[in-house]
Amino acid sequence: MPVDMELEAVLRPMQYPMPPYPPKVIVLANGKKMVIRQAVREDVPAILKSVHPCLFIERDYYDIVSARLYGELLAWYRYRVKSEYCLMGQVDGYLVGIVNGRLENEKVGMSYHTLAIDRGLRIGSHLFAAKMEYHMDYMGQDEVLIVAESPIGFRRWMVEYPLEETKIPHELGGGDSWRLTREIYLKAKPRLVVGDRPVPQELMDEAMLEIKFADDDTIRERIAGLKGR
Amino acid sequence: MRDVAVIGAGMIPFGRRDEDTLMDMLSFASLKAMDDAGLGDKSVDAVYVGNMGAGMLQRQSAIASSLADRLNLLPAAADTVENGPASGGSAVKNGLLAVASGYYDYVLVVGGEKMREVTGWRATDFVATMTHPQAEYPYGITLPGMAGMFTRLYMEKYGVTREHLLAVSLKNQEMGALNPFAHVEMALDRDGIFDSPHAIVNNPVSADPLHLYDLCPVSDGAAAIVICPLDMAKKLSKPPVLIAGFGQATDTHTLQERDDPTDLKAVTLATQQAFERAKLKPSDISVAELHDAFTILEIAESEHVGFFKKGEGGKAAAAGKTRFGGQIPINVSGGLKARGHPVGATGVAQIVDITFQLRHELPKNRQVKNAQTGLTVNFGGFGNNVLAFVLKRVEQ
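Those protein sequence lines, which keep their order, are chains A and B.
For the first sequence, position 183 matches number 183 in my numbering, and the numbering has no gaps at all.
For the second sequence, position 125 matches number 125 in my numbering, and the numbering has no gaps at all.
Certain hints may be false.
[Said to hold, decoys possible] To give an idea of the interface, some chain B residues facing chain A are shown, with a C-beta separation under 8 Å as derived from the structure:
1) D18
2) D189
3) D191
4) G192
[Stated by the list, open to error] From chain A, some residues computed to sit far from chain B (all C-beta separations above 10 Å):
5) M18
6) P23
7) Y94
8) G153
9) L186
10) D215
[Unchecked claim] With a straight-line cut-off of 16 Å between C-alpha atoms, the simulated EDC-like cross-links for lysine to aspartate or glutamate are:
11) A/K24 with A/E202
12) A/K24 with A/D196
13) A/K49 with A/D63
14) A/K32 with B/D195
15) A/K33 with B/D69
16) A/K32 with B/D191
17) A/K32 with B/D189
18) A/K33 with B/D195
19) A/K33 with B/D191
The set of hints was computed from the structure by calculation and includes no laboratory data.
Even glycine gets a Cβ: it sits at the ideal position worked out from N, Cα and C.
Here chain A stands alone, though its shape is the one from the complex (with noise of 0.2 Å):
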């Protein structure tokens, strides 16, 4: 598609510069190692890949919340959102979880979506965090805007931090934002933020080699299947 770069300069939101988010590693339940790591634009239509399957998954919201990655990853792809990240968890190189946000200015950020590909083993939990993780510690901000979309999300966000709510519009529509704080970030770090750094060479280069993904059966048995937990 031919690009009229001119015109671009006017369609393209500015963006705030952003420090990198330093890759951390983390053991999960089973025993397999998770990278976390920041997605760059190229990694997209990689990532695409495996959100697409879930586009059709009604359980758990994984349909709405799929859609709504899908549009925000492509807006980034293209040019079309103001400062969006994207972090993404893998494990043997596979995709098994994707996180995305924004800043809205330079002190608050706005979480978008937290898409967990394999379940059970509370990935969505670990990229939330490390989500939050990079807009406190790393971007420096003092709050990041959140809403939920799915009961889990609310248990895992809302409930867990504890979140604190407000009546400020989110930007995904819907409900009002719930406000994570520096102050409720700090409490509750030391139980729900973790991770080590830097990650061993051998599993950066295994998760820097390729962007694995299942194929879409197994994605769709792994989130909606009978052992879906």
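Model the placement of chain B on the given structure of chain A, informed by the hints.
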């Protein structure tokens, strides 16, 4: 009284069965058991259904009548048996007595529950309705909460440690990973849930000192057996499994009314009755399915049924004595911990698992070598209504 044998056993995989209704699940398990029994054109005389929550969770009552119709078993007698998490065991007992008395010959017993239809919070609340309606429930007690307090007392009195609980958790998850009927077919890693600092997220405190992986999952599922008099069973093709003994005992509704809340008297009494009727003793048992809704319960029950002395169960688990291949393999199916705990199904599922063991039908990695006898303990309330069954292989 006639001797009674299990001639058919069936179970559907436990898990989250969004697509199935409770009646679907009960039907699938029943059909499997009836096929397994090889009854052919013969029907059953009676149906007993163990279920705790259809009235609350599905807004459906009289499910046994519905099942008899659904399976075209009319005009078989049909009763629903509700006894909390021991509903399955109580349904088996009712079937057993009906056949033993000579009133019926062929009886289908099925247990099932559909718990994932509601959120985890509501499922926890539903299970908590078995607590005392004035002294416990209004104060917010839950079964995990009770188990947490029980564990703390047990730790203080008998020196049980988190290492002991961990041994049960790892063992049962390891076995569950081999069981296609298990809800959680996933082996756990000690580092991931205990040693690593990351375990604080992977395995958070649920009800101190119990952590997430000390608790059974909330599951959907159903299991069924067909029973008949032993002399008729001997004419069938599969080796019958004799229900050699059963026992049932109750205890105070509230824990605080017990002289010693760590003493699970109903477990002791029910198993003593079962052993006496079977003319066997704990050391005669080849394999056991104990009601490990919480890891502490497997340890406590292993002592109360007589496998180990009081205070020795935790150490025995940590020493591998209760593992597959150990001195007394407990919960080779994965137990409630990994197979899952659809409350009304559990008591029947335990007997299905032991039947498979005693018929020597399981794959090598789960079949207890030359298993001849089995014990099941189905624990209702917090030990206020317990059923125990001793089963025995019968050579044809």
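Residue hint B/D18, partner chain A, criterion CB-CB below 8 Å = holds (6 Å)
For the pair supplied as a hint, A/K33 and B/D69, confirm whether the alpha-carbon distance does not exceed 16 Å.
-> violated (51 Å)
Given pair status - B/D195, A/K32, alpha carbons within 16 Å | holds (14 Å)
Interface hint outcome for B/G192 [beta carbon to chain A under 8 Å] = holds (4 Å)
Any Cβ of chain B at or closer than 10 Å to A/P23, or is the non-interface label fine?
-> holds (15 Å)
Classify the hint on B/D189 as holds or violated, based on whether any CB of chain A lies nearer than 8 Å to its CB.
-> holds (3 Å)
Hey, does A/D215 actually stay past 10 Å from chain B on C-beta?
-> Nearest chain B Cβ is 19 Å from A/D215, so the label holds.
Holds or violated: are the alpha carbons of A/K24 and A/D196 at most 16 Å from each other?
-> Roughly 5 Å separates the two Cα atoms, so the pair holds.
Does the claim that A/Y94 lies off the interface hold, with its Cβ farther than 10 Å from every Cβ of chain B?
-> holds (16 Å)
Restraint check for A/K33 with B/D195, where alpha carbons must lie at most 16 Å apart = This hinted pair holds, its Cα atoms lying about 14 Å apart.
In terms of Cβ atoms, is chain B entirely out of 10 Å range of A/L186?
-> Given a closest Cβ separation of 16 Å, the condition holds.
Beyond 10 Å from chain B, beta-carbon-wise, is A/G153?
-> holds (13 Å)
Hint 15 alone, counting from the list given before, is not met by this structure.
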